[in-house]
Amino acid sequence: MKLKTILMAGAMAIAASGASAACSYENEVPLKSLSAGFEAWKAVTDAMAECGNFSASLDQEFREKQPEAFAANPSLYQIGGVSNATLVPLLNAGTIRPLDDLVEKYGQNLLPNQLIKVDGKTMAIAFMVNAQHLMYRNDVLADLGIEEPKTYGEIIDAAAKIKEAGVMDYPIGGTFKTGWNLGQEFVNMYLGEGGAFFGDGNMPAINNAQGVAALETLKAMTDYMDPEYLVSDSTYVQQQFQQGKIAMANLWASRAAAMNDEAESQVVGKVTMASAPMGSSVPATTVWWDGIVLASNMSDEEADAAFRLVMEGIDAEMVGANNDTAVWLSTAYTPGELAAGAAASAEGGAKPYPASGPMGIMHTSLGNGLADYLTGAKDAQTALADIEADYITAAKEAGLISN
Amino acid sequence: MNFRTFAAFVGPSVFMMLLFIAFPLVSVFKQSFYITQPVYETVEVETCTPGFLTQTCVTELKSQPKLDEHGEVITRTEYVGLQSYRNVLEPERAWRAITEGNWSVLSTINFWKALRFTLTFTLITLPLVIGFGLGIAVLINNAAGSIRGPVIFISLLPFIITPVIGALSINWLFRGDGILTALLEWWLNRDIALFAQAWTIEILMMFYRVWHVAPFAAVVFYAGLQTVNQDSLESAVIDGATRWQRMKYIVIPHLMPLIIFVSMIHLMDAYRVFEEIVGFSSQAYVISLQWLTFDFLVPDQAGNRSISRASASAMLTMIGIVLLLILPLRRTWRDHKGGH
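From first to last, the protein sequence lines are chains A and B.
Counting in this note's numbering, the first sequence tops out at residue 403, every number present.
Counting in this note's numbering, the second sequence tops out at residue 340, every number present.
Because the hints were derived from the structure by calculation, they are not lab data.
Remember, it's a predicted structure, so these values are computed and weren't measured experimentally.
A few of these clues could be false.
[Claimed, not checked] Cβ pair distances, simulated, as ranges: (1) Ser57(A) x Ser13(B): 34 to 40 angstroms; (2) Trp199(B) x Leu144(A): 36 to 42 angstroms; (3) Phe207(B) x Asp119(A): 39 to 45 angstroms; (4) Asp119(A) x Ala94(B): 43 to 49 angstroms; (5) Asp119(A) x Asn102(B): 46 to 52 angstroms.
Virtual Cβ for every residue (Gly too), placed ideally from N, Cα, C.
Take the sequences, apply the hints, and build the full model.
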């Protein structure tokens, strides 16, 4: 009986995989990909798998494995998933190939802004953008007669009112987890203030008025955040929202769909997506993209097959089926309410994340060094000076600053 | 046993130890004195990234590693002496803080912050592990034969759990409005945030470590308890010794070699405290020496990692363990010599 069931299931699976081939062709070349593992990647790689002979590794630790895997000859993966930051090590090591000829052959449906160009050569194909932007509880703010906050000053005022009215103890949520998340918060604020991270010769330049302003805003927000903010990552903030514990947060656009997920969320339809709050110069956020690269160390036939498969993975059909999963870069994408926040931030002039080798080190130094300011162990200037010192030590070791 | 047989038995083990312990150690030692870095050139690059409708293109000066004719990154390796150790220890800043008597500044320098916690953690958990281990062992020993099996099984459970999983469970039980925090809040009728300051996290970490390691100590001591001379115990009872006196004058001296053995194992393990930091994601407040090494070694998103500082930090951790072990080792050495 049991054996029979298993056999039946097996037969069904084979039949299903034969029937579901929504792919327009049959892929003959064995291909593998390594990328991050969030929902949009799952949608893209699932669509690619429909063509057969393809296996995807969706791995949250992909950025530690990718440089080594692509440096192997032949490369361990033909297709790689990157964002603006994780493109840098591959680009530096020269392990990804220019895609211009392939774009000409298969890329008729690509939008011009999907082509990531470095020195005139297309090195990656972006298929989605992501940004942190303001999400707020429209019911809570409307009850108290608060307008949509446009700046961090207004957010803090709104938080004060919500707390005073006794609606919530901690109205603001934030991805302030020490390390990458906290570093990213500073990057957002600092760019919003119009700051620049580096001077000549990769020397750090964050210990200035804009840096202090960014820090002070971060600290002012923590007064209205759960005291355990230094361990709170995107998933935690998303859950706080879903459980109705917070009213406002600057959260990733890729998390927007979760607010209306009836299985998890108690606040369906009550969260409005708005532009990231304005800093002194531009919205305090950074625009990221996610896209696909192809390894240098493989045959041209493989590259041809891989690119064709990628085009199938990010085609209109996939975007149509997963419209709300991400802010897709595609002609087939209809921006809904969930994408409004990211779109408004970009229209307001939000900058792309300034990814580079030195920026990687700076982000780490910021992520490790900011907690001392927020916990009160250091004042703003000391914290920034110490972060700069830490950056210089690491950058010298990496060879980015000459001794 | 003749030498050939001895060598045949020991050989494979010595070979493995050389291959997997000694050689890596020598390599780490060497790397801590060298820095290997790519050769960078500054080039003007135009980069285009997607906006919503159009592309954003910027032209800027960028540092790019030079590639050789095979497409490999050109690197150069340079002897830097103790520079990496200086970078880890930051002696000037530390010394300034010490001379000014400013402990709060000293405790913001990563290495010293980590050393402070690592030592506190090691030295506080040591007596607790020994104490609880002994307690559990005596408890098992005195339990009736019929329930002894289940008691041993239950007391061993914490030791079986994978350390990271155990730390994560404690984290989830207490984080935010975790079950146990909610219970405490209900009981004390006040808002509690256990992950919002260093000392509560440290207490949770020590609690977790003692909970996790005490069963190991207990099993070792329980084995030792089986070999206590029953005649001496009986004569002590006849002489009117209390339970405590029997423990103090007969059982503990008998178990002393085992206590030292457990202490040494625990010192070595606790000084390398790492799972707790990751499991409790406590980097903002509390870091350990082992975590510091790990942090140097993890590449950032642009692929940079600080191998030289990681090597230096690993060597310093090893030196620390050796220093800690000198005391118990000297005692065993003396006992050993006295025994002959």
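Hint check:
Our hint of 34 to 40 angstroms for Ser57(A) and Ser13(B) holds, since their Cβ atoms are close to 37 angstroms apart. Evaluation of the 36 to 42 angstroms hint for Trp199(B) and Leu144(A) yields a pass: the beta carbon distance comes to about 37 angstroms. Evaluation of the 39 to 45 angstroms hint for Phe207(B) and Asp119(A) yields a failure: the beta carbon distance comes to about 56 angstroms. With their beta carbons about 45 angstroms apart, Asp119(A) and Ala94(B) fall inside the hinted range of 43 to 49 angstroms.
Taken as a hint, the range 46 to 52 angstroms holds for the pair Asp119(A) and Asn102(B), whose Cβ atoms sit roughly 50 angstroms apart.
Hint 3 alone, counting from the list given before, is not met by this structure.
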